[in-house]
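Heads up: take any position in the sequence shown, counting from 1, add 8, and you land on our numbering.
To be clear, the hints were calculated from the coordinates, so they are not data collected in a lab. Treat each hint with caution, since some may be false.
Straight-line distance between alpha carbons at most 30 Å, and here's what the computed DSSO-like set of lysine-lysine pairs gives [claimed, not checked]:
(1) K141 / K78
(2) K78 / K218
(3) K134 / K78
(4) K300 / K187
(5) K134 / K82
(6) K82 / K300
(7) K345 / K218
(8) K82 / K139
(9) K82 / K345
(10) K345 / K78
(11) K134 / K218
(12) K139 / K78
Estimated spans, in silico, between C-beta atoms of each pair [said to hold, decoys possible]:
(13) S302 / D213: 18 to 24 Å
(14) P234 / L144: 38 to 44 Å
(15) P54 / R202: 18 to 24 Å
(16) P40 / S222: 33 to 39 Å
(17) G344 / I169: 25 to 31 Å
(18) A51 / L144: 28 to 34 Å
(19) D128 / S226: 42 to 48 Å
(20) N61 / A223: 28 to 34 Å
(21) N61 / I169: 45 to 51 Å
(22) D186 / Q299: 37 to 43 Å
(23) T268 / S209: 33 to 39 Å
The beta carbon of each residue, even a glycine, is placed where N, CA and C say it ideally should be.
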Amino acid sequence: MNILFRFSAPDVIFLDWIKANRGYVGYFVQSPLYALIEPELEAYVPIIGQYANVETEIINGLWTTHEEVKQSLKMRYLSGLIGAVLIGDFPIAFVERSSGYAKPSSLYYMDMDGTWDYADNSNSFKPPTEKSKARLNSPEIFIGLLRPPTTDISTAAAYLISYFNRASEYALIHQISDKALLIQSDHSTLDGARIHSMLGSNYQDVDYLKAPLSADLSLALTNPTPYDLVVINAHTTPYTNSVALNIRVTSSPNTYLDYTTLQNWDLSSSFYILTCCHTTLFESKEGGIIQKYSNYLAGHFTFNNGGNALGTFGYSTVAGGGLPGSEGLFSNINQGKTIGELILAWGNSWQNMDNPLGHYNQEGPIPPSEPAPPHFPPTRGEDGGVGSNYEYYWLNFIGDPLLRL
Numbered sequence: 009m010n011i012l013f014r015f016s017a018p019d020v021i022f023l024d025w026i027k028a029n030r031g032y033v034g035y036f037v038q039s040p041l042y043a044l045i046e047p048e049l050e051a052y053v054p055i056i057g058q059y060a061n062v063e064t065e066i067i068n069g070l071w072t073t074h075e076e077v078k079q080s081l082k083m084r085y086l087s088g089l090i091g092a093v094l095i096g097d098f099p100i101a102f103v104e105r106s107s108g109y110a111k112p113s114s115l116y117y118m119d120m121d122g123t124w125d126y127a128d129n130s131n132s133f134k135p136p137t138e139k140s141k142a143r144l145n146s147p148e149i150f151i152g153l154l155r156p157p158t159t160d161i162s163t164a165a166a167y168l169i170s171y172f173n174r175a176s177e178y179a180l181i182h183q184i185s186d187k188a189l190l191i192q193s194d195h196s197t198l199d200g201a202r203i204h205s206m207l208g209s210n211y212q213d214v215d216y217l218k219a220p221l222s223a224d225l226s227l228a229l230t231n232p233t234p235y236d237l238v239v240i241n242a243h244t245t246p247y248t249n250s251v252a253l254n255i256r257v258t259s260s261p262n263t264y265l266d267y268t269t270l271q272n273w274d275l276s277s278s279f280y281i282l283t284c285c286h287t288t289l290f291e292s293k294e295g296g297i298i299q300k301y302s303n304y305l306a307g308h309f310t311f312n313n314g315g316n317a318l319g320t321f322g323y324s325t326v327a328g329g330g331l332p333g334s335e336g337l338f339s340n341i342n343q344g345k346t347i348g349e350l351i352l353a354w355g356n357s358w359q360n361m362d363n364p365l366g367h368y369n370q371e372g373p374i375p376p377s378e379p380a381p382p383h384f385p386p387t388r389g390e391d392g393g394v395g396s397n398y399e400y401y402w403l404n405f406i407g408d409p410l411l412r413l
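Could you build the full structure based on these sequences and the hints that come with them?
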């Protein structure tokens, strides 16, 4: 069998094909952390593998640079690896938002055949300026980060053990409410009505809060109804070293979800998609200095949210609350498919856009009735894209990608 053939043009049936050809998913864990979670991890991984109907393997070792991680992934990719879960404080590659300002990107680990241009002599990369290169920098494997919101290894182990218990129960029982919640800010450049429609094709009930007022938002935050998925399309305002966040929901009157409110959010939901800035900012690099953060929003949602959540899509940085290939993400949500399959389908969608350098080109010109996004020009730029924001570079998934939404 030509093992390279199977990785061309992934689509929604990708994992089905791979399962028939004995591909596997690797759970990579650093040795010091493995020593603290070994029995729980050894019990958890077979449960998830059986649930997802895919072979799994635990890889225990030491990785100190992003090159070492990429080399391990690429070597195993050539022998059948289709996806990986990086558990704990793994070194990560950074992609520059602007000179000297770089944020973590899982895409570097998912791309097996693209060309990445160094921004400096360490672990920072520059986004491409050519469409052909942007198309090559797309995922051949999927990556999930089980990265608790802490820098303390003992606390991280406790978070992970709790997560393994919740995810195992979810896999064994997998009870769903068939409900989703969409919170749409009037500051988001995404089309909330279209996303609402796409979610409606997979969830029986979709509650839709469009530019909600404070009272409506408070009701949503305390709603005891369990959701399978919550989507928040909004802008965020970072403060306190870019870790604590405000999510701006409306402009008139201004309504904010501050970080404390979000931490205390008792809404029951299994998964989140946050098309907001800084939500997966567990590290940053500015002026050559790497800063690790003891908390970040997507990590808090996945590991801390009342013991309910299991995974969060979010950004480490973003330039406008948008999501290139958004239709590829939301339209491919399917409760029968794994999150790993969703990641590959999403990657395939923006890879094949007319302008993969731009900003959700698939939605075309801004209609006269729709105001131009704030701090952007009134047109969507070349081929209908708003600028060249490369936002897919900073989208990360915090959780186990073998789970199903």
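We went through each hint and held it up to the structure:
Under the criterion of a C-alpha separation no larger than 30 Å, the hint pairing K141 with K78 is consistent with the structure, at around 19 Å. For the given pair, K78 sits about 41 Å from K218 by alpha-carbon distance, which is inconsistent with the 30 Å threshold. Distance restraint check for K134 and K78: the Cα-Cα separation of roughly 17 Å lies within the 30 Å cut-off, and the hinted pair is therefore satisfied. Distance check on the hinted pair: K300 and K187 sit about 35 Å apart at the alpha-carbon level, beyond 30 Å; violated.
Simply put, K134 and K82 have alpha-carbon atoms about 21 Å apart, close enough for the 30 Å limit, and the pair holds. Annotation: proposed proximity of K82 to K300 holds, straight-line Cα distance about 26 Å (limit 30 Å). Under the criterion of a C-alpha separation no larger than 30 Å, the hint pairing K345 with K218 is consistent with the structure, at around 28 Å. Restraint check: the Cα-Cα separation between K82 and K139 comes to about 24 Å, which is no more than 30 Å; the hinted pair holds.
Restraint check for K82 and K345: satisfied, since their Cα atoms lie roughly 24 Å apart, inside the 30 Å limit. A C-alpha spacing of about 26 Å is found between K345 and K78, which places the hinted pair at or below 30 Å, so the restraint holds. Under the criterion of a C-alpha separation no larger than 30 Å, the hint pairing K134 with K218 is inconsistent with the structure, at around 35 Å. Between K139 and K78 the CA atoms are separated by roughly 23 Å; this keeps the pair inside 30 Å, and the hint holds.
In this structure the supplied range 18 to 24 Å is violated for S302 paired with D213, their Cβ-Cβ distance being about 37 Å. At about 41 Å, the beta-carbon gap between P234 and L144 stays in the expected band of 38 to 44 Å. Evaluation of the 18 to 24 Å hint for P54 and R202 yields a failure: the beta carbon distance comes to about 40 Å. The hinted window of 33 to 39 Å between P40 and S222 is violated, with their beta carbons roughly 46 Å apart.
Take G344 and I169: their Cβ atoms lie about 29 Å apart, and the range 25 to 31 Å holds. Between A51 and L144 the CB atoms are about 39 Å apart, so this pair departs from the stated range of 28 to 34 Å. The hinted range of 42 to 48 Å is satisfied by D128 and S226, whose Cβ atoms lie roughly 46 Å apart. The hinted range of 28 to 34 Å is not satisfied by N61 and A223, whose Cβ atoms lie roughly 45 Å apart.
Taking 45 to 51 Å as the suggested C-beta distance range, the pair N61 and I169 does not conform, at roughly 25 Å. The beta-carbon spacing between D186 and Q299, approximately 41 Å, falls within the hinted interval of 37 to 43 Å. Checked against the given bound of 33 to 39 Å, the beta carbons of T268 and S209, roughly 35 Å apart, stay inside it.
The structure does not agree with the numbered hints 2, 4, 11, 13, 15, 16, 18, 20, 21 stated previously, though it agrees with the rest.
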